[in-house]
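Protein chains in written order, with this note's numbering: chain V, 1 to 249; chain R, 1 to 255.
Accuracy of the hints is not assured; some may be wrong.
[What the hints assert, rightly or not] If the Cβ cut is set under 10 angstroms, some of the chain R residues that face chain V in the computed set are: (1) Trp113; (2) Ala117; (3) Lys144; (4) Asp147; (5) Arg152; (6) Phe154; (7) Asp155; (8) Gly158; (9) Leu165; (10) Leu168; (11) Ser172; (12) Thr174; (13) Phe176; (14) Glu179; (15) Arg253.
[As the list claims (entries may be wrong)] Just a few of them, taken from the derived set where beta-carbon distance is under 10 angstroms, the chain R residues facing chain V: (16) Val14; (17) Ala32; (18) Tyr33; (19) Asp149; (20) Leu156; (21) Thr160; (22) Pro171; (23) Phe252.
[Said to hold, decoys possible] Derived CB-CB ranges, DEER-like: (24) R:Ser231 / V:Ile161: 53 to 63 angstroms; (25) R:Leu166 / V:Asn187: 48 to 58 angstroms; (26) V:Gly130 / R:Ile248: 18 to 28 angstroms.
These are calculated hints, taken from the structure and not from any lab test. A quick note: this is a predicted structure, and the numbers were derived from the prediction, not measured. C-beta: ideal position from N, C-alpha, C; glycine also.
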Amino acid sequence: MSPVASLIAVEVAYPGRGTVLGPFDLALTEGEIVALVGSSGCGKSTALRLLAGLEQPTAGTVTRTPERGQTAVVFQAPTLMPWADARTNVALPLELAGMAKAKAHDQAQEALKAVGLEHAIGSKPAQLSGGMAMRVSLARALVTRPRLLLLDEPFAALDEITRRNLADDIHRLWDQTRPAVVFVTHNVEEAAYMAQRVVVMSANPGKIAGQTIIDAPLPRPLGFRTSEVFRNAAEDVSHDLAKAMGHVQ
Amino acid sequence: MSRTLETLAPILLVAVLLGLWEAACRLTGVPAYFLPAPSAVAAAMAQDWALLLGSAWKTLSTALLALAFASLTACSLALIISTNRLLEKAVQPLAVALQVTPVVAIAPQVVIWAGLAHPDRAIISLAVIVAFFPIFSGALTGLKSTDPDLERLFDLYGATRWQRLLRLRIPSATPFVLEGHKVAGGLAVIGAVVAEFVAGSGGSQGLAWRILESSNRLQTAKTFAAVIVLSLMGALLHAVLQASEQAILRRFRGR
């Protein structure tokens with residue numbers, strides 16, 4: 001299958017900080033979930049911004065087939081407009097693309113229903129819990145039916161139970177339209193649970209240190225977290241990470 | 001119990017202080033032009049209440065008009081300037097220079113420019129000048145303090161300049177603009193009073209004029225009465241602006 005987006009020998013350098021990423025290669029095929037794992041500052045968020053087209057590489061090539069509006073990003077914080085209710089927040093990408101307000105709000109309502117928030121349509125961000133706000137953010141990302149979904153440590157600020165519920169929700173929603181997904185995290189278990197392919201990055205500058213394929217169905221079956229496949233995958237990723245950090249030769 | 005005590009405490013303190021003041025005046029026999037007893041001030045207020053209220057309204061309406069005018073000009077100017085970095089850089093030093101110049105220093109000249117026959121114009125202009133800056137800098141700060149991730153989101157979805165301004169920057173600036181108005185409200189009263197003082201007897205009948213008039217005649221009780229009305233008015237305006245700021249913010253944020 002042709003890649004939905006790819007980074008080919010990209011390098012990113014910032015004045016005063018030198019090269020933070022690369023040379024780095026990553027190709028995403030249609031409907032694939034890839035996790036990027038690495039320590040803070042290894043360039044995983046930079047890689048994500050390149051894929052989103054929010055940043056240009058210093059060297060190398062970025063290819064992207066999705067058109068504008070077909071790429072969605074979920075940030076570490078819910079990044080909602082505090083003055084707008086959930087429905088207005090979710091309708092934003094549609095309205096920015098020129099859709100009439102009534103239609104955009106109808107679709108936003110559907111998207112909120114899909115993330116289990118039909119009761120919070122009129123709530124403002126301050127009235128939502130952290131997990132609920134993240135769901136609104138997810139609904140906003142999915143409302144445009146993106147072909148490329150980029151998740152930048154979306155669980156970072158959430159508690160364990162909320163994380164697990166949200167992980168399963170993301171799989172269920174992904175299954176409806178099967179966009180290509182990049183999931184950035186620094187949590188090994190989370191990566192092994194979320195993705196079909198886990199790419200471990202080393203830092204300074206960010207490069208690929210290892211890759212693990214997880215051959216198990218998505219969405220994950222019940223009890224997957226205690227299965228052998230999951231344990232082995234997490235162990236492999238852990239090993240790659242230790243190598244990336246220079247703890248293992 | 002402690003709650004009632006907390007509400008009563010400031011009232012009690014004022015009562016005690018007034019009592020001490022009254023007793024001191026009676027016991028020492030200090031002349032009334034030097035320090036009038038609270039009872040004399042109260043009597044002056046009771047006697048002149050219609051005049052004082054009229055003057056208070058004169059000053060308050062001047063301040064409110066100035067606030068409205070300052071709001072309009074400061075917000076529009078901040079909007080225009082925020083769209084262009086070079087413009088902002090160019091305006092900034094000028095704005096700071098004007099802001100730190102005491103209004104008393106420029107008042108005489110403004111009175112001359114407005115025409116000695118029109119002290120009202122000078123008074124409004126001076127109140128506008130002092131009320132302008134808190135709103136202007138609040139709006140400018142607010143317009144630039146958007147969440148960078150929200151900015152990225154607007155980039156991602158290809159928002160136009162107008163969409164970004166209307167749907168992101170202006171709403172983001174709202175809390176800052178409200179805060180600016182609260183500060184500007186108090187300053188507008190100060191500006192109006194200072195301007196009335198400088199304009200002097202040119203026909204303005206605001207509270208400052210009552211203060212000037214009575215102190216020139218050594219009617220100190222009347223001076224005190226006017227000052228008390230002035231501070232009550234300032235406190236009332238502040239309370240109203242504070243309450244409206246909170247009400248709007250509650251509506252804005254949903255809690």
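May I ask you to test the interface hint for R:Ser172 with respect to chain V, counting a Cβ-Cβ separation under 10 angstroms as satisfied?
Hint holds; R:Ser172 Cβ to chain V Cβ min 8 angstroms, cut 10 angstroms.
Quick one, is the R:Lys144 hint okay against chain V at 10 angstroms, beta carbons?
Constraint on R:Lys144 not satisfied, violated at 17 angstroms.
Do the beta carbons of R:Leu166 and V:Asn187 sit within 48 to 58 angstroms of each other?
Roughly 39 angstroms apart at Cβ, these two residues miss the hinted range, so it is violated.
Quick one, is the R:Thr160 hint okay against chain V at 10 angstroms, beta carbons?
Nearest chain V Cβ about 8 angstroms off; hint holds.
R:Ala32 was flagged as interface toward chain V. Is the shortest Cβ-Cβ separation under 10 angstroms?
violated (56 angstroms)
Could you check if R:Leu156 really has its C-beta closer than 10 angstroms to a C-beta on chain V?
holds (6 angstroms)
Quick one, is the R:Thr174 hint okay against chain V at 10 angstroms, beta carbons?
Holds. Min distance 7 angstroms.
Once the shortest beta carbon distance from R:Asp149 to chain V is found, is it less than 10 angstroms?
holds (4 angstroms)
Could you check if R:Asp147 really has its C-beta closer than 10 angstroms to a C-beta on chain V?
holds (6 angstroms)
So, R:Tyr33 near chain V? Judge it on the closest CB pair being under 10 angstroms.
violated (56 angstroms)
Answer holds if the nearest beta-carbon of chain V is closer than 10 angstroms to that of R:Gly158; otherwise answer violated.
With a closest approach of 5 angstroms, the R:Gly158 hint holds.
For the restraint on R:Arg253, tell me whether the closest CB of chain V is nearer than 10 angstroms.
At 5 angstroms from the nearest chain V Cβ, R:Arg253 passes the 10 angstroms test, so the hint holds.
Checked against the numbered hints above, the structure violates hints 1, 2, 3, 9, 13, 14, 16, 17, 18, 25; every other hint is satisfied.
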